[in-house]
Amino acid sequence: MGDADMGWLALSPQEWDAVRLSLLVSFWATIASLPLGIAVAWLLARVSFPGKALVNGLVHLPLVLPPVVTGYVLLLLFGRRGPIGAFLAETFGIVLAFRWTGAALACAVMGFPLMVRAIRLAIEAVDPKLEAAAGTLGAGRIATFLVVTLPLVLPGIIAGMILSFAKAMGEFGATITFVSNIPGQTQTLPSAIYTFTQVPGGEAGALRLTLVSVAIAFGALLVSELLARRAQARVGIA
Amino acid sequence: MGDADMGWLALSPQEWDAVRLSLLVSFWATIASLPLGIAVAWLLARVSFPGKALVNGLVHLPLVLPPVVTGYVLLLLFGRRGPIGAFLAETFGIVLAFRWTGAALACAVMGFPLMVRAIRLAIEAVDPKLEAAAGTLGAGRIATFLVVTLPLVLPGIIAGMILSFAKAMGEFGATITFVSNIPGQTQTLPSAIYTFTQVPGGEAGALRLTLVSVAIAFGALLVSELLARRAQARVGIA
Amino acid sequence: MRQDGAPTLEIALRHRLGAFDLDLAFASDAGVTALFGPSGSGKTTVVDAIAGLVRPQAGLVRIGGETLTDTEAGVLVPPHRRRIGLVFQDARLFPHLSVRTNLLFGRWFAPRSAPRVALEPVVALLGIEHLLKRRPRGLSGGERQRVAIGRALLSAPRLLVMDEPLASLDDARKQEILPYLERLRDEARVPIVYVSHSRSEVARLAGTVVLLREGRIVGRGTPREILARGEASETAPARSAARARRLGRWSPGQALNTTRPASERS
Amino acid sequence: MRQDGAPTLEIALRHRLGAFDLDLAFASDAGVTALFGPSGSGKTTVVDAIAGLVRPQAGLVRIGGETLTDTEAGVLVPPHRRRIGLVFQDARLFPHLSVRTNLLFGRWFAPRSAPRVALEPVVALLGIEHLLKRRPRGLSGGERQRVAIGRALLSAPRLLVMDEPLASLDDARKQEILPYLERLRDEARVPIVYVSHSRSEVARLAGTVVLLREGRIVGRGTPREILARGEASETAPARSAARARRLGRWSPGQALNTTRPASERS
Amino acid sequence: PAARAQDAVVFAAASLKNALDDAAALFRERTGRRIAISYAGSPALARQIEQGAPADLFVSASIEWMDHLSAAGLIRDESRIDLLGNRIALVAPAASDVAIAVAPGFDLAGALGPDGRLAMAETTAVPAGIYGRAALEHLGVWESVADRVAQSENVRAALALVSRGEVPLGIVYTTDATADEKVRVVALFPEETHPPIVYPAALTRESESAAAADFLAFLRTPEARPLLERQGFAVLGE
Ligand SMILES: Nc1ncnc2c1ncn2[C@@H]1O[C@H](COP(=O)(O)OP(=O)(O)OP(=O)(O)O)[C@@H](O)[C@H]1O
Ligand SMILES: Nc1ncnc2c1ncn2[C@@H]1O[C@H](COP(=O)(O)OP(=O)(O)OP(=O)(O)O)[C@@H](O)[C@H]1O
Ligand SMILES: [Mg+2]
Ligand SMILES: [Mg+2]
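Protein chains in written order, with this note's numbering: chain U, 1 to 238; chain E, 1001 to 1238; chain C, 2001 to 2266; chain Y, 3001 to 3266; chain R, 4001 to 4238.
These are computed hints drawn from the structure, not numbers from a lab. Among the hints, erroneous ones may be present.
What the hints assert, rightly or not - Cut-off 27 Å, straight-line C-alpha distance, at most; resulting in silico cross-link-like pairs (DSSO-like, lysine-lysine): (1) Lys52/U / Lys129/U; (2) Lys129/U / Lys1129/E; (3) Lys2133/C / Lys129/U; (4) Lys1129/E / Lys1052/E; (5) Lys2133/C / Lys1129/E.
What you are looking at is a predicted structure, and each value in this text was computed from that prediction instead of being measured.
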């Protein structure tokens, strides 16, 4: 790790794979969990229903459980032999276990509580009087949600997305437990970093990948702040 | 794991220690990080200053880094030989390494991005016009923050606290890397659970402790929802 | 559903909010019905009940013979199916939409059969041409109120409900808007419920004035009859201790002294 | 700091908000100064500048000879040190505090030397005894406005600025509050800046009327002189295309035609 | 990542990364066939194989987990070999001048000093910790240091504690100790003090990859041997 010699910063092809895969996984984990995240946030913020406490608890579960446990639960449920995994594979031909899609699932699950909470807080801050006004103008419940609530909640959605994305960039325990650490298929950046930390002389590699990961997350964060500021300025309580 | 025989649910004294310790650690991680969390959330929500993007990035770092890396960084900084650790030990006699206090620090750091984001979202939702009104009534910036902003932000603070607490109940990677796993001193529930997952046939033990952990988190969640609902009803945009 | 012969507006409400107890019933014919009464007498609560934003503890709301609310029969048509154009006391513009989009909001959701109100004349009437591209943020109080009026007008409602719509406008602007409302009343025959503290506005517009006080009707008649009376210019005394009257076997139909058509008794 | 002989209120402002261009200067003596003009003419913007909630692009605000804002000298006393009691057009009550605490809010922060205004008479005047324990949520429009008035009065301000304070109140209530404001003006000698669209209120209270239109002063004098003129009852035409006039070597002192005391030139 | 680019998937204990990466590279050079290696903790890998992971070859750091899979019929017992051997050592920071002979009843507690801790991997779950504890028990000193042990998630974390000077002594694999300049081997534990440290390898039941079998055979060739020995492992005899 010489001062002048920056060669240690160069990524191997396998590491590039990990970078690509992490981006792919984080992107899809964030995007795919967004609709459900919004729906659940809305349910928790605005609807009372029996079993609400349970749903709320379930959403928070991945935060409370050690990631290894979450990963193991996913493996049991979504593995090839798991009830949901077998069903998905037979019915739709969708296989999650030991695929990048499974890594995306693991990251989505781990980031879900963060996403839901951010969006929920934003929904709770929307003045129901505005929604009532939309009602008098002929907008039904769903239309009101889409045309009034959702745009007002945009800053919260952006916050939820960046939290989910950042979490996915760092998620390791559940992912490696669920889909293993197969280079080019399920080896994300954090898994690759972990591997480096497990052998002598891996520090430089771990540092190198950590820097890449941090740089990507910083970039995403900057973009999100920009978007959020715009959304905020637009919505800005007059 | 017989149907009738619930004996496997009984905790050993050492496991009780882990439960107690996890509660202690999670409680203090949440409480101790709250003032800084509020301050940083306020800075990010309301003040523009050079280096804001950097601060924002730093806050999110524990989310992005694999927990093991965070734990290692903590060890480098706060270990007995680390610059901050040595300083704290010499100046104040505060030792974090291999103490539950260190576990609390690790959990606080890991939960910090979640806490800050929740509070920040809530602060951003406070109408600055109310703060302006407080100004015309003679309240300075700090007084306004304490008497107007803070109470209005209460639901967000509660959300931030429960996120931090839940995260602390599940945090494992950074904690064990920083303070190891010393039964009775730094062995929290997730560490104990991890231990069970590492040996064949440890599932029952892991499940038992996981149930305890989930029960505690559910309880905390219920309390937080209650408090938040009260705060919300109180504040409720008229 | 329009039942000929039925009054345009039939309202009977009983609703309790903390120490405030609303208990009233009135019916009125087409034209402008003014709700008049001191601050806190329940005008906005009645407005909310008409629009379906409040579910009264007991009550009946009918427009042109169509039942919108009937707590006895368990009827509560949701606000977005009522086609009532409401000008809120507090404007309630959508902060994320331009003034133009705010104005056209109701049109997006209006049924095809609804008459289309043209944007330009309304905008010109309200003097808000220069605001169309702006967002509500930064509008002055009167500008907001004008946009809110325009938004309700453009939603082509079958009943217009206006809660102190001109309170923050200057006289000159008021003198431009009032004739428009008169035309709406006389030519387009849109019934209007008009809440105001201004005697002159009420005198000019209203066919019927309903005088409220502490949630009760204390007078009902033409502006001439009502506005002259002393009650119309007294402030409500501090509310007397909680009234013991309970919501009981009280029937909205009875209170209105109208008989419901058999078809609706179900 | 009070400079005898200096006018109570000296204001010179130049401020641009989008297409709106405020450019005015006036001074007035103790008593009530009314800001009168059509919706969107800049009244609230002037109010905000007086209270220090807006930092004008160029301008001067002095009360009783004390400089609160002077962009040339870089002076901008923060709102909480100005001791200006402001009744906002939109009430702005603190939703988490009871009405009582809202009312007493200003007292917590008033300097010890400030005169103490008793709660009970103000509450009685405004007829809000029965609301003291409630939270702002659920208050009617007029109730909010009354609490906002009370909150400003109780903060024992040295200048009271009221932005359409009685707009949503009934005549009877207005007739109770107006004499109180007269007493405030005459006995307690609190100067008042009063924004209103009501000719009768302005005629009754104001010593000086400043007539605004599109950010400019188009008249200044006694109510009798100003309210009679045609300009006071015309609406503003659609705003003319952006004016080219630039903020330049314009001096607030010059605009006011007052000379600043040497001690303040620094 | 569409079609599989590799000819065999190997699941291997994370501590084998350097050794197996080198071997796989050489194997590819010689045969043109690609081996993808997923490194993780042996327990996670074993569980994944239980759940139908696409692994062809499993190299475990623990005999127990291999036995577990064998009992479940998930590996081909006939292919199972003891691939590598390792040693555990008592280590100290390089700067430390502690000298102590590992012998029955040796004064380990004394060497730790009044408040020093002994860094080890988890002593009930992680192989290195289990071996270390067995050795200390065999030597009759476990009781005297049991409550002074800082247990880490893995050997590398224990090594880091020694390397950073956070603890005066630790017990790690010699493979880790010799590679770290900041760490000095104080003494090796005699092999008879603990169960043999063995990395077993076996083909999985479901594997159809000839490349996996060839790779396993390749690991036993004289050509591969130096690559493994270079990392400090003992290559066990036929
Ligand atoms: N949730 C509530 N709890 C207690 N009282 C309530 C609640 N909501 C409304 N009220 C009271 O109901 C009364 C009627 O309110 P409403 O808004 O209908 O009055 P209003 O006639 O529109 O008055 P204004 O002219 O001031 O707008 C008020 O005294 C108000 O304080
Ligand atoms: N951020 C902004 N961008 C553009 N225009 C603005 C902005 N803020 C205020 N304005 C405009 O400035 C003008 C003056 O506003 P102000 O609130 O001072 O009017 P006002 O005299 O108080 O009117 P009203 O009687 O309706 O309350 C309005 O036309 C308003 O639209
Ligand atoms: Mg009202
Ligand atoms: Mg205004």
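Quick rundown of the hints versus the structure:
For the proposed pair Lys52/U and Lys129/U, the alpha carbon gap of about 24 Å is at most 27 Å, so the pair holds. About 18 Å separates the Cα atoms of Lys129/U and Lys1129/E, which keeps this hinted pair within 27 Å; it holds. A C-alpha spacing of about 23 Å is found between Lys2133/C and Lys129/U, which places the hinted pair at or below 27 Å, so the restraint holds. With a C-alpha separation of about 24 Å, the suggested pair Lys1129/E and Lys1052/E falls inside the 27 Å cut-off, and the hint holds.
Under the criterion of a C-alpha separation no larger than 27 Å, the hint pairing Lys2133/C with Lys1129/E is consistent with the structure, at around 23 Å.
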